[in-house]
Structures are given as structure tokens and as C-alpha cells.
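Can you make the complete structure from the sequences, with help from the hints?
Same order as they appear, the protein sequences are chains A and B.
Just so we're aligned: 12 in my numbering is position 12 of the first sequence, and the numbers increase by one with no gaps anywhere.
Just so we're aligned: 57 in my numbering is position 57 of the second sequence, and the numbers increase by one with no gaps anywhere.
Since the hints were made in silico from the structure, they are not lab data.
All values derive from a computational prediction rather than experimental measurement.
A virtual CB, placed ideally from N, CA and C, is assigned to each residue, including glycine.
Among the clues, some could well be false.
Derived DEER-like restraints, expressed as beta-carbon distance ranges [claimed, not checked]:
#, chain 1, residue 1, chain 2, residue 2, range
1, A, Ala-136, B, Ala-20, 26 to 32 Å
2, A, Asp-4, B, Ser-234, 45 to 51 Å
3, B, Ala-20, A, Gly-14, 31 to 37 Å
4, A, Asp-137, B, Pro-369, 46 to 52 Å
5, B, His-257, A, Glu-30, 41 to 47 Å
6, A, Ser-46, B, Gly-166, 54 to 60 Å
7, A, Pro-144, B, Ser-234, 33 to 39 Å
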Amino acid sequence: MPGDMVRGRVWRFGDDISTDLLSPGSYATEPIEVRRLHALESVNASFASGVRAGDVVVAGRNFGCGSSRETAPEALKSLDVGCVVAESFARLFLRNAVAIGLPVLTCAGAAHAFSDGEEVEVNLATGGVRSKVGGADLAGNPLPEEMRRILAAGGILALLRAGSADETHSSHAPKES
Amino acid sequence: MGLTLAEKILARASGRDAVAPGEFVVAEIDLAMAHDIFAAQVFSELRSAGVEKVWDPSRVAIVIDHLVPAPSAQAAELHRRIREEVDALGIEYFSDAGGGICHQLLAEGGRSRPGMLIVGTDSHTTTQGAVGAAGTGIGTSDMVYTLATGRLWFRVPETIRFEMTGALPDMITGKDVVLFIAGGFGSDVAQYRAIEFAGPAAAGMGMADRLTICNMAVEIGAKFGMFAADAATSVYLGGSADEFLAPDADAAYAAVHPIALSKLEPQVAVPHAVDRVVPVGEVEGTAIHQAFIGSCTNGRLEDLEVAADLLRGAQVHPKVRLLVAPASRRIHREAERRGLIGVLVEAGATILPPGCGPCFGGHGGLLAPGERCIGTHNRNFPGRMGSPQAEIYLASPATVAASAIAGCIADPRKVVSGCAR
Ligand code: SF4
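Dropping the structure here:
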């Protein structure tokens, strides 16, 4: 499926990266062009200005914990982050990331397998996270087709706009009751 | 292999005979709820996606409860837009400012029923598990999609089960139970998982306690937190509940944890995490500036009753502000009728309109740097009620009422005497 492959440089973060760190409440009323510049600033001040399209955020456990705000994944998507690879995600962050079209992948061992700036390749279909410079080659949890279709469309609203919502469900539409 | 309650509900909603943990399903939604923080945004995204009607106006609930009454012109404008869209889209269930908190309204109005799959733009939608429904929080984009199509994808969660035994001692309620579980098992024991609260003690638990416990299930990570519907649920729903779904006896659980209730003490979550929980004895005597009784966790009639019993003939400590917010107008009216409101006001409490009140730091009873509050709500993160330098303790209505009288954190099982302060 288009969009299954992500290639970029690694930006490493620790455990419990919260929605407050991703989208600080003090900028909540600012437009996204401003908000994204403050993403993760209190853990890595050079992230927002240094991140390039396709780069991969690699983190530990419970990524995106905290509130249900969609501005958290939105900040990363708006910075053109290619994928977030974490040991585990908070449930609502995972839902919201897929909903807005930010690829996410759960991968055990990722937090300590790569170094900052290392070139990696992420395959959302197989779950593979591989160093392009001969480093680690890990097997994460592949994303199911439903989620990859939403990501490929650019988010659940893009899917809705494209009018393909029904098609998405055709293979296993609920029976009439 | 049998199915857990969550598996049964997701199987039914996705038109299958069975589902297994880890599978992804596309399920039909029985009820979708949005409140005033997100509803206007949801509607405008729905419009910009070119959608002119919601999939089923009788399955959508819109509630104005967070910014109540509107504390700013901005909030008032938000509310105006919500009312306009509710009319335009013909949404059947709408509660305007002052009606109460969304989670309470869905439950007390019999909107949520056993076996339903319910989504809301609020993490505490797990509250509906008290009536045996699978309720969970979603973001605004997922809500737009739900309103347009009536469907949403779900990963079938593993289920864990808390087997509760023993009777609750005097002055100990559902809040103490759920804080005890949070303290003992941590804030991510149920991450991505469904919880069944079960065991002999579950059957004897009143609906108010069940609502409190399911409300805070999300604080330990849960996607759903449920009590299987039983006789008590049927009475609560006016005896009209349909055939109840129940977990199969041979269902597979990721974990089963026994919880003994008979020796439980009053529990207090200390700053700044819901799972930093201690028995009240460890923080007794800590001076407080504000006490709050309310929220979707503990703003019910039973909660006001416990508080009024302790405050009857007593006075709130002169250095403490006691704020009370009934969770709905129906509760407010009934508390008034039973004389509970009079008792609370007589004791020095300020009654806030039915709604979220200061629970999420929106308005109405916020804290200054260095101030300390004990409340019956569900989160004590820094900044949740105003200044990030304020401290929030979470406890049961009994513990909060006793503390309001004492002027410091107090044990409701003791005759309350004032602290030196
Ligand atoms: S009472 Fe508090 S926790 Fe409940 S819905 Fe309102 S703000 Fe959220």
C-alpha cells in the first residue's frame, strides 16, 4: 500500500512523553504553525527546528499519555514526522494519530536500539524497523489493513471526504440485525 | 472458548459470532456523545467534510457541561454554535448548560443500556460500564467519522478481571475501592485492556459506587471498565432492561486480581498522580485551603448525602472554601427536596451549578500557587485546577467532607475535630 515505507533520521525520546510535552497547554490557543514549533521543546529544544520530512521519532513506553487532545499527534504530523516508533502508546494517542494520518508503530526494544540521527527504514505493513547503516533490525507489530488504509488516505477525515468510507468496510460490513 | 463481556459487545456490534483479543473490527456505534469542549469543532469538521447529516440523530447526545454557565464571551459563542448545529442536524438528545455532566446524564436518563457500544469525546466515557455498556473515549476526528457513518474501528482488547470479595466497611465507598486499585496496580495496569469488576462484592454494590469505579477505570489505562448488568442495574434502569449480556464462565482473562474489601480504609491519592495512593492516616493533618465535592466521579445524590450527614450541625473550617457541584439538575433537585442542600449551605458550603465545575480547571474555584485542595474528582495532575504550583488530593465524599470541617485532611471514621492551623 502506498505510504507503508517510511525513511528518515531517528530522534530519540524516553518513557511517558505526554500530550502536554507534545502540545504544551500554554500555546493551546495558537494556530498549528506556532504550536508545532513548541512540540517537545522541554525535552529537546532543537527538535522542532531540526526535524526533517520523514524523520522518525523513537521513544519508550506510554508515548502520548495524558489528555485526548488531537493537537498532540497533529503537532508531529505538521512537522512532517514520518512515523512514531515506541515501545507502547497511550490508547487515545494511538487512535488519534491514526485518525489524523500520523503513522505509529509499536516495537519492543526500539527505545535503546538506535542512536540519534541514525538513518532508519520503517515498514508499516510488516512492522520492521531497520537501520540503514548496519545497525539494529527489529520486528515491531505490523499495522492492520484498516489502519494502513486510513493512514494512506491521510487520515480518517480524508477517507470520509474521498467518499471511500463504505468501500473500507465492504469486506466485513456488520450484518443487518 | 467463551467470551468476556467486552468481546461479546464488540462481536455483536461488528456482526460476528466471536472476536479474539488483538483482532481489529469495524463496529456499529450504539450511542455517540460529545460535550461543549469539542462539539463545535466536531460539527465544523463534519461540515467541511461535506457531510450534511449525522448517521442517526437518535443515537447522538450533545451536552453542554464543561463551561457552565459560559464564563467568557468565547465560551458563549461556542455554545451558540453548538445549539445552532443541534437544531440544524436534528439531534435528539441535547442538554444545555445547567442540565448536568454528560456521563451522569447518559446513565441517569437511561440512555446507556447494557450491552451498548458507546463512544464519547471524553476519556471518562468508561463511566457507562456501570450499566454493563462498553463506553470509551475517542478524539474529534474519530467522532466526525462516527457521526457521518455510525461506524468505527476497534482493536479487541484483552480483559482483566478484579474479583471483589467482602463487604465495604462503614464510611468506605466506591471511590476508596478504585483509588485502592489504582494505588496497588498502577496507572497502566489496564492499558489497551477492558476491565470487568466482578466477584461476590460486585453484586452487592450500588449503582453510585459502580459509576464511580467505572469512571476512574480510565485512570488505570482502561479502554472499557464494566460491571456486568444484574438485578441492581435493572432496578436502576426502571426494570426495563432487555436481556443482559454476561461474560461466559470459560472466558479467557489476561489477569484476574482478587480484591478484599472488608478491611479497606479511606484512601487518598496524593499529588501529582492518581496512582500515588495512601491510607488517609498517612496524610491526616495536612492543611487544606479548598474542598470540592462533585464531578462525574462523585457528584451523585449518595455522595451529597454522605457529605450532608457529616456536615449536619457542623461548620466548614474558616480557612477552607467548600464547593459542591451536583452532577445533574435531577440530583440537585432531589438533594434540595431531601434538605441536603440546606444542610450543606448551613454548614458554609458554596453550591455550584450542575456541571463540571472546577474539576478540569476551566473556571469557578481554581487554585493559587501553593494552595492545596482535596476533592472527589478523578485527576490530580499539576495544573488540573488552576496553578501548576497548587496541590490536589483525591478522596471520597466522606473524607472530603470531614476534611472541610477539620481544615486539614481528616479520617471520616473519627469524630472530626479541628486541626491546629
Ligand atoms: S466532571 Fe471533570 S472529569 Fe468529569 S467530564 Fe467534567 S471535567 Fe471531565
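Name the hints, by number, that the structure is in violation of. none
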